[in-house]
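**Q** We have chain E; now place chains Y and U onto it with these hints.
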Amino acid sequence: MITAGMDLGAKTIKIVIMKDGQVIARVKKLSGFEQEILAKEVMNEALVQAGIELDQVDKTVATGVGRKTAPFATDIITEVGAAARGAIARNPNLRTVLDIGAEEGRAIIVTPEGRVKDFAINEKCAAGSGTFVEAMARALEITIEDFGPMSLTSDKAVPMNAQCAVFAESEVVSLLHARTPKNDITRAVCDAISSRIVSMARRVSIEPEVILIGGMAYNVGFVASMKRTLTEMVIQVPDNPEFVGAEGAAWIAHDKLGG
Amino acid sequence: MPQKKEFWRWKEYNWHDEDIDPHAGEIISAGVDVGSVSSQVVIIVDGKLYAFSSMRTGSDSPDSARNAMSWALENTGLEIDDINFVVGTGYGRVNVPMAHKAITEIACHARGANFMYGPKVRTILDMGGQDCKAIRCDHRGKVTNFLMNDKCAAGTGRGMEVFADLLQVSIEDVGELSFKVDHEPDPVSSTCVVFAKTEAAGLLRQGWNKNLVLAAYSSAMAHRVFTLIERLGVEPEFAITGGIAKNIGVVHRLEDELGMKALSSDIDSQIAGALGAALFAKALYEKKMKKK
Amino acid sequence: MIANYGYMDGSGEYYISIDTDKCIDCSHHGCVDACPVGMFIIEPDDYDDDVALIKQEFRKKVKYECAPCKPVSNRPPLPCIKACTPGAIGHSW
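Protein chains in written order, with my numbering: chain E, 863 to 1121; chain Y, 20 to 311; chain U, 27 to 119.
Honestly, I wouldn't trust all of these hints.
Distance ranges between label pairs, derived from CB positions [said to hold, decoys possible]:
(1) U/His117 <-> E/His1039: 36 to 46 Å
(2) Y/Asp36 <-> E/Ile1006: 50 to 60 Å
(3) U/His117 <-> Y/Glu254: 22 to 32 Å
(4) Y/Gly252 <-> E/Leu1119: 50 to 60 Å
(5) Y/Pro138 <-> E/Arg1000: 40 to 50 Å
(6) E/Pro1043 <-> Y/Glu45: 54 to 64 Å
(7) Y/Gln187 <-> E/Glu915: 44 to 54 Å
The calculated lysine to aspartate or glutamate pairs, modelled on EDC-like cross-linking and capped at a C-alpha distance of 16 Å, are [unchecked claim]:
(8) Y/Lys120 <-> U/Asp71
(9) Y/Lys306 <-> U/Asp74
(10) Y/Lys120 <-> U/Asp72
(11) Y/Lys265 <-> Y/Glu31
(12) E/Lys1044 <-> E/Glu1033
(13) Y/Lys161 <-> U/Asp45
(14) E/Lys1118 <-> E/Glu975
(15) Y/Lys161 <-> U/Asp74
(16) E/Lys986 <-> U/Glu39
Among chain Y residues calculated to face chain U with C-beta under 7 Å, some are [as the list claims (entries may be wrong)]:
(17) Ile122
(18) Leu166
(19) Lys170
(20) Cys171
I should point out that these hints are in silico values taken from the structure, not numbers from a laboratory.
The beta carbon of each residue, even a glycine, is placed where N, CA and C say it ideally should be.
Isolated chain E, as found in the complex:
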């Protein structure tokens, strides 16, 4: 049985093709203006990687903010549902999924079957999402790739007062003018966002084991901040953390076919 999961996120499109529960292709591309066309391109690339034709895919399920316009998909699932299913497939002992994407952060409590028990979302405000880090990287004139590693070189906690990304950008500029080292600022940004994520997550009763997924999981500085903030739990960061939602969608396709 071959299934596909598409995650049409705010920042990136992720597609996973699975054969009998094994991932045989995974492709990620920056999302853009014409998301439908881009999604088709990403799918073609994934098919090439898997070495199969489109008609060999038995079922495709879409998730992500753009899921309603997803090509090929016969079913859709919310980001929360997809993240829960994808996470439990990665590790059946997981009970808490922290999913931090470009425009949203979510804390999800899952049952052993991969169903959603409880969840809290930080949405529609850049302060609790990857976009916040991106805006700060721009203000600091550093790349997003350098952001995390740079913050790890700081051992100083500089307070940041602004919550809003727009105001925080001005604050970063003032900190730079005051000759605050860039690495201390990157750490302050990571600390600020993780404290927001953790207080959101505490609204659901966090249970072990805890996994951190979504694009922000690539940011080692953010991960370190999360570990410092959520001290009572061990936070796991899996390989390909950004693909968990797409995998969840592929798993749901698999489940629907009675796999």
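**A** Leaving out everything else, chains Y and U in the frame of chain E:
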């Protein structure tokens, strides 16, 4: 290399009334409003508006207060020592070196609006550079209910500056341009300024012209402040103060949504806070004299 | 005066309202000790009445600071509201 144009930058200004001889007055009082983006100083003579200034706030609040004060005093023949009582207000109110007392901007705005628009004003919306306040007050200008938003850039001058910069349109032209459209577009759907900017960039790529995007953002902003003020409940009469009061693109759309016209005043809407502070200063000075 | 402290952002409205007219006659100020993070303080307002207010450093973070008292499910009564005998405190979310 040509310098990068800063589209968000607005003009600074000062004014004084040539027809008033301040030295003939009994009480000279001043209000200093050090906001996060702009600072204003208002000087009143026996309760009459005499002079004011408005400047961009610098990185240091005491310096911003001093600069705005000396600009307000410029060419008036007055010295700082001629002023009997000074009240500081605004975000930097505790750092106003010449102030005898600090009073919150909420109380000062209500009092200033009461003076500018008369005792019939009951609801005041102040849209500042980095915050937005909705205030209800009684006929004396005393606050009965208030709510502010300074956490989020949506609905503040800063949000509009971000758009002026994105579209490379001077901030002073934004209001007018937003009406130069052949139809009124749907408002930008994201509240968050960062997400709204992404949305606007998408609209531009779809072929929308600048004015249409400005119209879409202006109506989103009007709706944003509408929800804020609705939380409090709008009791007429209604007035708008602060920098955005000058942006007709937002004001007219807000008036449409409220089904109510904002009061107008001959006095610059941006000085309401400093004016209220100056009025508090006068009252406090009178109280002090009575005690003696 | 009804003072609303907090904010609105893209994700919603988060305001703690305090009816300060009720504070004026209150003597025990239960709110101050009831809040686990110590958001409340009693101070003279602009009209020289001693009233409760939310400390400046909490005003832009109430959604996060109040989160521990507001679990998604099985929410108990809020300690600040419970402790305020004149019934001056309200939360918008």
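**Q** All hints, please: hold or fail.
**A** Here's how the hints hold up against the structure:
no., hint, in the structure
1, U/His117 <-> E/His1039: 36 to 46 Å, "holds (38 Å)"
2, Y/Asp36 <-> E/Ile1006: 50 to 60 Å, "holds (55 Å)"
3, U/His117 <-> Y/Glu254: 22 to 32 Å, "holds (24 Å)"
4, Y/Gly252 <-> E/Leu1119: 50 to 60 Å, "holds (55 Å)"
5, Y/Pro138 <-> E/Arg1000: 40 to 50 Å, "holds (49 Å)"
6, E/Pro1043 <-> Y/Glu45: 54 to 64 Å, "holds (55 Å)"
7, Y/Gln187 <-> E/Glu915: 44 to 54 Å, "holds (48 Å)"
8, Y/Lys120 <-> U/Asp71, "holds (13 Å)"
9, Y/Lys306 <-> U/Asp74, "holds (14 Å)"
10, Y/Lys120 <-> U/Asp72, "holds (10 Å)"
11, Y/Lys265 <-> Y/Glu31, "holds (14 Å)"
12, E/Lys1044 <-> E/Glu1033, "holds (13 Å)"
13, Y/Lys161 <-> U/Asp45, "holds (15 Å)"
14, E/Lys1118 <-> E/Glu975, "holds (14 Å)"
15, Y/Lys161 <-> U/Asp74, "holds (12 Å)"
16, E/Lys986 <-> U/Glu39, "holds (12 Å)"
17, Ile122, "holds (5 Å)"
18, Leu166, "holds (4 Å)"
19, Lys170, "holds (4 Å)"
20, Cys171, "holds (4 Å)"
When held up to the earlier numbered hints, the structure conflicts with none and fits them all.
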